[in-house]
Amino acid sequence: MSAAKKKTSKKKNAGKSDAGNRDSAEAAVASEGFENEEMVCCESDIHAVMGVYDTPADAMHAAESVRDGGYRRWDVHTPFPVHGMDAAMGLKNSKVGWFSFVGGASGYTIGMLMIFWMNAVDYNIVVGGKPMFSPFYAFPVSYECTILLSAFGTLIGMAFLNRLPKLHNPLLKNRTFCQGATHDKFIVVIETSDPRYSQDETRELLEKTGCKHIEYVED
Amino acid sequence: MASGTKSPVEIIAPPRELEREPLVANNRSIGWISDQVCKVIEDKTPAWWWPTFIISAALASVMLGCIAYLITTGVGVWGLNQPVAWAWDITNFVFWIGIGHAGTLISAILFLLRQKWRTSINRAAEAMTIFAVMCAGIFPVIHTGRVWYAVWWLPPIPNMYDIWPQFRSPLLWDVFAVSTYFTVSLLFWYTGLVPDLATLRDRAKSKMRKFFYGLFALGWTGSNRHWSNYEKAYMILAGLSTPLVLSVHSIVSFDFAVSQLPGWHTTIFPPYFVAGAIFSGFGMVLTLMIPLRTLCSLEDLITVRHIELMCKVITATGTMVGYAYAMEFFIAWYGGNPYELYAFQNRAFGPYWWAYWSMIACNVISPQLFWFKKIRTNVIYVFIISIFVNIGMWFERFVIIVTSLHRDYLPSNWGYFSPTWVDIWTFVGSFGMFMTLFLLFLRYLPVIAISEVKGVTPQADPHHPLGGAKVGEHH
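First to last, the protein sequences are chains A and B.
This note's numbering applies: residue 1 is where the first sequence begins, and numbers increase by one.
This note's numbering applies: residue 1 is where the second sequence begins, and numbers increase by one.
Take the hints with a grain of salt, since some may be wrong.
[As the list claims (entries may be wrong)] Simulated pairs of lysine-lysine, DSSO-like, Cα-Cα distance not exceeding 27 Å:
(1) B:K373 with B:K207
(2) A:K92 with B:K210
(3) B:K44 with B:K312
(4) B:K470 with A:K173
(5) A:K95 with B:K116
(6) B:K374 with A:K173
(7) B:K44 with A:K166
(8) B:K207 with A:K173
Simulated from the structure, these hints should not be mistaken for lab results.
From a predicted model like this one, the values you see are computed outputs, not experimental measurements.
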């Protein structure tokens with residue numbers, strides 16, 4: 001308790017120093033709570049609170065409670081997609097499919113129009129007395145164009161919906177996060193910018209879900 | 001039971017004989033999987049790597065030399081002549097493209113069919129696809145002779161008379177099919193890599209690694225909001241790759257089937273080519289995976305069960321290919337076209353009989369050995385048979401192309417194709433290029449899809465006791 005307290009107050013004095021941040025964040029792995037006034041002054045420096053879980057089931061239960069708590073700016077970070085987590089978080093079906101559809105439809109149209117224009121309008125070529133244009137001979141190429149643009153649409157849609165590439169993320173400066181989220185831990189992160197966020201209640205919520213390791217992530 | 005009543009669900013263990021062998025052997029933890037796979041990249045370069053790499057790179061340089069010789073001298077340096085104007089070049093093209101198909105089958109079709117065992121092999125198989133398509137792409141380009149004109153033949157660009165390529169030709173369809181196949185395979189592979197690159201980024205010790213893995217990981221944090229879109233995108237890409245992979249080899253077969261040549265002009269070609277492609281690709285996957293799992297100590301991830309399942313796919317597709325060979329013969333007789341019948345009789349009993357019967361022995365007979373469990377669970381036997389499959393499938397394309405061409409309608413236009421040293425070394429060198437790329441992949445990218453393998457372990461299932469579920473829990 002005292003160590004954590006000291007570190008926090010030290011940081012308060014030192015202001016934002018990047019090198020010190022990580023240490024203080026680690027020290028803030030407080031298993032005990034903080035005193036209120038101290039937290040209030042540091043709140044602007046804190047990006048989020050995170051609760052680390054060892055099993056997907058625990059993280060899922062935690063997600064259910066956070067969802068039911070009405071939070072909006074929060075997430076669960078897992079090394080692999082956990083089945084049922086979308087429902088536990090209350091997420092809607094992904095919209096990526098629309099991007100694929102638009103890509104595919106434009107691919108097919110572009111393919112057909114391209115072939116029609118090249119072989120039947122701009123420079124007519126007679127081959128074996130066959131028609132200048134027929135959707136049948138134009139189909140294989142248009143089909144490939146459909147798939148090509150649809151795949152690009154899917155990937156661009158996914159990147160756009162996820163706001164990737166993301167060049168800066170405070171979470172990735174946190175050692176516990178980096179060692180866990182892409183390895184073998186299941187981490188619930190609630191951002192301080194969430195309207196429902198409150199120092200004590202949010203922490204209590206995570207503690208109630210059986211979280212043994214709660215940590216604050218510096219901004 | 002009234003709806004909404006929370007009744008404790010008792011989890012009863014299934015009887016032992018019904019239990020499936022786990023996909024990750026020895027009940028390894030989730031963390032172990034990333035440690036073990038990343039070890040291949042993070043550890044010191046193993047002793048076997050450098051010699052194999054140097055040999056492969058040397059062979060690749062031989063290929064480059066042969067290509068330079070070909071381009072500066074002309075296609076006459078190959079054994080091509082009238083009437084055999086397509087021989088090893090197009091054989092190699094179809095051979096390499098076919099190899100690629102297993103990668104897409106494993107990554108896309110088995111994904112849609114929810115075959116969870118694919119997770120241990122899909123990454124390496126997809127890499128194999130991409131490198132194989134790269135090798136394949138070389139041959140049709142260089143066989144044109146004046147490759148510097150290729151820019152007017154391949155993409156739709158008007159030539160100096162303002163003429164566009166004509167889209168009635170299956171050769172142009174092939175250009176679109178193969179380039180789409182390469183691009184989509186690359187996108188699919190990269191999508192799968194993103195979460196694993198993030199794992200590597202977070203483990204990286206050196207600044208260089210942190211920067212490059214971080215750059216290509218796009219800032220991935222394993223967020224479930226991201227996973228939700230990611231999984232959807234992955235499924236759609238799998239759904240797109242499935243018709244794509246079927247179309248690519250169908251269109252490759254159109255290069256032959258749309259022509260009027262006896263021996264080529266058959267309707268069975270598209271499905272027969274696709275089955276053959278998957279057959280040859282699985283052969284190559286096994287050839288690569290069996291040494292790889294031992295050299296990289298990945299036996300717990302690529303288990304004997306995985307190998308056994310791949311052997312079963314080989315037997316199934318090998319039998320389909322055998323059926324196609326028989327059906328071709330039957331239709332040649334039943335169709336009543338004397339030229340067609342002659343083409344097939346000439347295939348089996350003409351001057352290229354040795355190629356035909358090597359093909360039958362390797363493709364039809366050797367995979368039937370996998371009916372025996374003793375053989376398909378013995379990695380040495382499987383490795384040997386997988387090499388036979390590779391050889392057999394190269395012969396298949398050689399037989400289809402050369403035997404159909406070498407005797408034209410008039411006996412004055414008959415010939416016999418023999419390869420020159422340039423033919424041989426260009427082909428051998430393409431293996432060098434393939435292996436060079438594969439060895440580099442092995443050292444710099446995760447050879448197993450870490451996040452996907454984690455996802456199929458019982459520890460990853462929130463409804464499984466190992467995943468933290470408690471008896472009587474209700475969701």
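What are the numbers of the hints that this structure violates, sorted from low to high? 1, 2, 3, 4, 6, 7
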